[in-house]
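Trainee: Below, each chain spelled out in residue letters.
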Amino acid sequence: MSATVQQASRRKRRSRLRTWLAGDRRAAISLSFLLLLGSLSLLAGVIAPYSPVAQSMDILAPPSAAHWLGTDDLGRDVFSRLLHGGPMTLYASFLAVSVGLAIGLPIGVLAGYLGGWVDTGVGRIIDTMLSFPSIVLAIAVTGALGIGLTNSMIAVGIVFSPGIARLIRVQTMIVKGDLFVDAARTFGSSTWRVIFRHILPNAIQPVIVQVTLLLATALLAEASLSFLGLGVQPPQPSWGQMLARAYTYMEIAPEQMYAPGLAILFTALAFNALGESLRALLDPTRSRND
Amino acid sequence: MSMRTLLLVGSRLVQVVPVLVLATLAIFGLLQLVPGDPAAVIAGETATAERIAQIRQMLGLDLPVWQQYLHWLSGAVRGDLSTSLITGVPVLEEVLRRLPNTLLIVFMALALSVAIGVPLGILAATNVDGRIDRLVTSTASLGVAVPNFWMGMILVGFFALGLGWFPTTGAASLTQEPLRALHHATLPACALALSGIAEITRQLRSALIDVLSSQYVRTLHAKGLPQSKILWRHGLKNVSLTLLTVVGLVFNRTLGATVAIEAVFAIPGTGSLVVASATNKDFPVVQGVVFVLVLIVIACNLLIDLLYAALDPRMSRR
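Residue numbers (the working numbering), protein chains in the order written: chain A, 1 to 290; chain B, 1 to 318.
Hints are computed from structural coordinates only; laboratory data are not their basis.
Cβ coordinates follow ideal geometry from the N, Cα and C atoms, glycine included.
Be careful, since some hints might not be right.
[Claimed, not checked] Chain B regions said to be covered by chain A (calculated; three or more residues, Cβ under 8 angstroms):
1. 67-78
2. 153-166
3. 221-232
4. 236-245
5. 283-290
[Claimed, not checked] For the chain B half of the interface with chain A, some residues (derived, Cβ under 7 angstroms), not all of them:
6. Leu33
7. Val34
8. Leu85
9. Val89
10. Leu92
11. Ala145
12. Pro147
13. Phe149
14. Trp150
15. Val274
16. Leu295
Can you build the whole structure from these sequences, using the hints too?
Mentor: What follows is the structure, encoded as structure tokens:
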């Protein structure tokens, strides 16, 4: 492809993105929210008025000019902890989904491409893994690997992998039968080249949608596991862990549970909405006029 | 029972065997994920060499892996899931003692999910793109994104601490004090049902929209059949299979999601047991809980498979 053609295609893609966002308000809002959250997370150290772990005598204080969202049971600034919880949450979500992809994608593609007994065997394993209640399995794996944010998110990723494998396996089986794959093989392309250049790019779309939705699931899993004390360890801030502390002081300071809970809710909502919009955008049965 | 039904049940039971074997392999494999020497990790940092050796022997960690597996499996088949490393209580006994508390809120949540999700799904699908549909769909999106344990906290704050209508924590035995048990289970079940309601609403809505926009429904319209008759006689019959699949999925998910809910409401169920055991590295108990829950899910999937065949005559012929 020449440089001009590449440029033109890039420009076309950018304009398509703009048309999509202009036509889909939900996607535009979700994407803006996530970009804002991403930048706030990157800049948390600079923007946060206090250190997330600095304690003071001013405990369980209501919102004020000095502490916008009040202080927690150890006198730490809730707003600063919320900001510092952002990068933790995003790191956790992306880690879990990456681990899921790293395990699920190659297994699913190979099973779908090779077929035969490999496919039967992998299919059985996937079915079995999907009959484990996911959070319970994640807790069990976390217990084995050792408690902590990274380990618990690796566990969640392991739990995600059979679902991803199943999805890409079906897609691979569909694309494998297409004429252009036969053509590539006839021209002497190696198996690896066929998989990477021809099958994967054409089978990946539903996976992209699934990944966006899984980010929300991972976020909720992180919150649950940190709430249960298996994820982020104190004094590190995380939204789920902030809720665990708020829970302990619920009778004296019920308002402590709103900020972290809403942060989790809005972020999960944004990932889900973006995923649904992507699904609608990529759905071949829906007419597209571009 | 006819011969065909028997054959069907038999063939499905046979299909379950490899899944069961793989599940036991996976549960056994959990211990292999422990980094380093599992016995030393389980014994803790301050353990003596004697204690480590004792644990190694108790878990059979000195044997080759395949012998360990066979040992574990032969125990599991006989209903012996070893004993807790901390309390010394047989694992199966502990799990079965706590299971009713968990199953009560799970089934109550499932019943709520179906009872609320199905009408909402129908309501949305029969008003596609109308105001009601938009309201239902956006509420459902919210329901999927709400952390259930946070919802539980809000419910406790409002209905238990604020209004005092429900107890804040604990559980009661359904067989001994049924009313008190249901009273205790109401708030946790509501918090747990939220995502199930949302899921059933969404799936039922899209399945019903598909059916209602199909060719044969158009024919029925042309024939002059009233809308209500089309919906009840043809539409719902065709989405019942989807509903069955979704209920199975929601059951599996609810069984897992109950873990955080049990923590909020201090319910002595299997969820709180697995969290405490994972934290304390009491692996026989962790394995036991996972094993029993997987057995329940597999049994539920089997039941759904059979119901499928009963509902859809095409399926049983395969």
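Trainee: Hints first: check each against the structure and report whether it holds.
Mentor: Okay, the hints, checked on the actual structure:
1. 67-78: This one is violated; 0 residues, fewer than the three required, reach chain A with a Cβ under 8 angstroms.
2. 153-166: holds (count 5)
3. 221-232: violated (count 0)
4. 236-245: violated (count 0)
5. 283-290: holds (count 5)
6. Leu33: With a closest approach of 4 angstroms, the B/Leu33 hint holds.
7. Val34: holds (5 angstroms)
8. Leu85: Hint violated; B/Leu85 Cβ to chain A Cβ min 12 angstroms, cut 7 angstroms.
9. Val89: violated (18 angstroms)
10. Leu92: Constraint on B/Leu92 not satisfied, violated at 17 angstroms.
11. Ala145: Since chain A brings a Cβ to about 4 angstroms from B/Ala145, closer than 7 angstroms, the hint holds.
12. Pro147: Hint holds; B/Pro147 Cβ to chain A Cβ min 5 angstroms, cut 7 angstroms.
13. Phe149: holds (6 angstroms)
14. Trp150: Cβ of B/Trp150 sits 4 angstroms from chain A, so the hint holds.
15. Val274: Holds, about 6 angstroms.
16. Leu295: Status violated, d = 9 angstroms.
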